[in-house]
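Given the coordinates of chain A, work out where chain B should sit on it, guided by the hints.
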Amino acid sequence: MNFKHKHIFLLPGLLTLLGILIFPIIFTVRLSLSSWDSFYPGLDFIGLENYVRLFTDDLRFWESFARLSFLSVTTVFLQYVIGFSLALMVWEDIKFQRFFRVLFLIPMMSTPVIMTVIWRTVFHESLGPVNDFFSLFDMAPPWLSNEYLSLVTVITVEVWQWTPFMFLLMLAGLLSLPKEPFLAASIDGAGPIRKFVYVTFPLMAPISIGAIIIRLIEASKIMDTVYVLTSGGPGTSTETSSYYIFIKGLREFQMGYSAALSFTYLIIMIISLTVIANVLVKIFIKKA
Amino acid sequence: MTFIYRALKYGFVSVWSMFVIAPFLWALSTSFKDFNSVTGSATYIPWVDFEPSLEGWKVLVRSPAQGGVNIVEPYFNSIFVTCSASLISIILGTLAAYALSRFTFKAGFIKNNDITFFFISQRIMPPVVLSIPFFIMLGFLGLLDSLFGLILVYIVLLMPIAVWIMVDFFNKVPREIDETALIDGCNPYQAFYKVVLPNSIPGLIVAGLFCMIFGWTDFFFAFILTFTEVQLLPVAIVALNSSITPWWSLSASALVSVAPLIVVAFLVERYLSKGNLSGALK
Chain A
0 MNFKHKHIFL LPGLLTLLGI LIFPIIFTVR LSLSSWDSFY PGLDFIGLEN
50 YVRLFTDDLR FWESFARLSF LSVTTVFLQY VIGFSLALMV WEDIKFQRFF
100 RVLFLIPMMS TPVIMTVIWR TVFHESLGPV NDFFSLFDMA PPWLSNEYLS
150 LVTVITVEVW QWTPFMFLLM LAGLLSLPKE PFLAASIDGA GPIRKFVYVT
200 FPLMAPISIG AIIIRLIEAS KIMDTVYVLT SGGPGTSTET SSYYIFIKGL
250 REFQMGYSAA LSFTYLIIMI ISLTVIANVL VKIFIKKA
Chain B
0 MTFIYRALKY GFVSVWSMFV IAPFLWALST SFKDFNSVTG SATYIPWVDF
50 EPSLEGWKVL VRSPAQGGVN IVEPYFNSIF VTCSASLISI ILGTLAAYAL
100 SRFTFKAGFI KNNDITFFFI SQRIMPPVVL SIPFFIMLGF LGLLDSLFGL
150 ILVYIVLLMP IAVWIMVDFF NKVPREIDET ALIDGCNPYQ AFYKVVLPNS
200 IPGLIVAGLF CMIFGWTDFF FAFILTFTEV QLLPVAIVAL NSSITPWWSL
250 SASALVSVAP LIVVAFLVER YLSKGNLSGA LK
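Protein chains in written order, with numbering that gives the first Met the number 0: chain A, 0 to 287; chain B, 0 to 281.
The following block holds chain A by itself, in its conformation from the complex (with noise of 0.2 Å):
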């Protein structure tokens, strides 16, 4: 189908948000070549100082992005096994289905900061409930002070806000999936452990990797909750790549240098996630 004007129906919402981007990209990447800092605030051109200083001398940065793959992989492989056990069960028969499926839902809807706020208090090392539990047993782990068990609280609270996601993508689209194939494995006598292995599993493939693509992107983004949790702390153990962004940025003012960070970590990011996709299509249609 064509048509001549059909331009009026896209250019409305592409140049609005070309509009508004432009600006902040052509920006970025020329704040990247120069010295910007609370001293000389000022477009200068340095050249690409920022890059040789990013890649020879800023193993913070690079120690940063270490942390941030090890925790969005580990949140997201939760949230994926957790989000796609509860969504299977709620999409079989079960007693009360409606009310686990909105239940489950909710921590999705809840702003992730100010969830955060709360859960700070519950993992309170003295006050809050968690150590009250575990001073049952004479022991008070320093869920927000220690540099591990920090990480630990940060996945926790990850997987607790984004597992509804994961769950919402993998339940909408067991819904979506044709009847036949489950009554024809029925007829051939297939168990539920075999149904799953060899008819839910393959027929879910192309949904998982959709849905693991889309959390791994917005998992890159973990900013709020290590902000209000831990602030990066105890010393950086649980500080990412967006966090240490802004503070080199937002508290450092070292515009010029975050400039060259940001667009450093978005080459990255794009490279790592079509590789991410590739390999992620090659493990589940090879077993499918």
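If you are wondering where the hints come from, they were derived from the structure by calculation, not from laboratory data.
Note that the coordinates shown come from a computational prediction; the quantities given were computed from them, not determined experimentally.
One or more of the hints may lead you astray.
Listed next, with one range per pair, are the computed distances between beta-carbon atoms [claimed, not checked]: (1) I267(A) - P201(B): 35 to 41 Å; (2) L58(A) - T103(B): 48 to 54 Å; (3) K94(A) - P45(B): 29 to 35 Å; (4) V80(A) - N112(B): 29 to 35 Å.
Idealized CB from N, CA, C, for every residue including glycine.
Below, chain B alone, put in the same frame as chain A:
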């Protein structure tokens, strides 16, 4: 075998439900505490563990001059910004999605899929990358610390979601519908407005709900781009999280902020059960 499976299933679902509810219950209980019940050790059940007080809730309706926390104005700001940005994003996004689903575009090597990807790829950008240039741009336009500036930024956040959901949705609406309308003498605008749009209401609602969720729950842009004149709800509540945190009013305001979106959860579930989400969410 089936028995074990059922036991495991109900076990898992119950444990997860408890995990989901726990922080809300804790917040509910905390919102009725006062200073004495919070310090000391963790307490749970009113009247048994501690003497309930309405202080946390009263603070919310008192004016700041009397030591209250002003969340009424941020509340309405949040509603206004979320709704305006969602509405604009849905309108522009739906038009663009319709064009991308029905017509072929070609400009050099750029085709329909590339344009769709351009829209959706905006979600990859972490807010922090955009925040600095936005800060400078809005400052230049005199829109820092204003509702209009925030709406502008939120459109960038929400339009990709609208396009993403609506392209998939329109791809599922049979093309014959448009073609019949055209044969019956509608021009393409009328075909879209009178025939396609009424058939797309479920998709529009889903896209709208998603825009609302992501607009309502954003914190970072509101945090960076506003200071004193305009405050959105998440920023106002997190501001309470100072060194001497009033846990009770914090919990009460957190619950108040979650409340409107519980309705959204019910709506999403309803459209999910009807099978309307399945097409829209792939």
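Going through the hints against the structure:
1. For the pair I267(A) and P201(B), the supplied restraint of 35 to 41 Å holds, since their beta-carbon distance comes to about 38 Å.
2. Hint check: L58(A) to T103(B), Cβ distance near 49 Å, so the stated range 48 to 54 Å holds.
3. For K94(A) and P45(B), the Cβ-Cβ distance of about 30 Å falls inside the hinted range of 29 to 35 Å, so the restraint holds.
4. Taking 29 to 35 Å as the suggested C-beta distance range, the pair V80(A) and N112(B) conforms, at roughly 31 Å.
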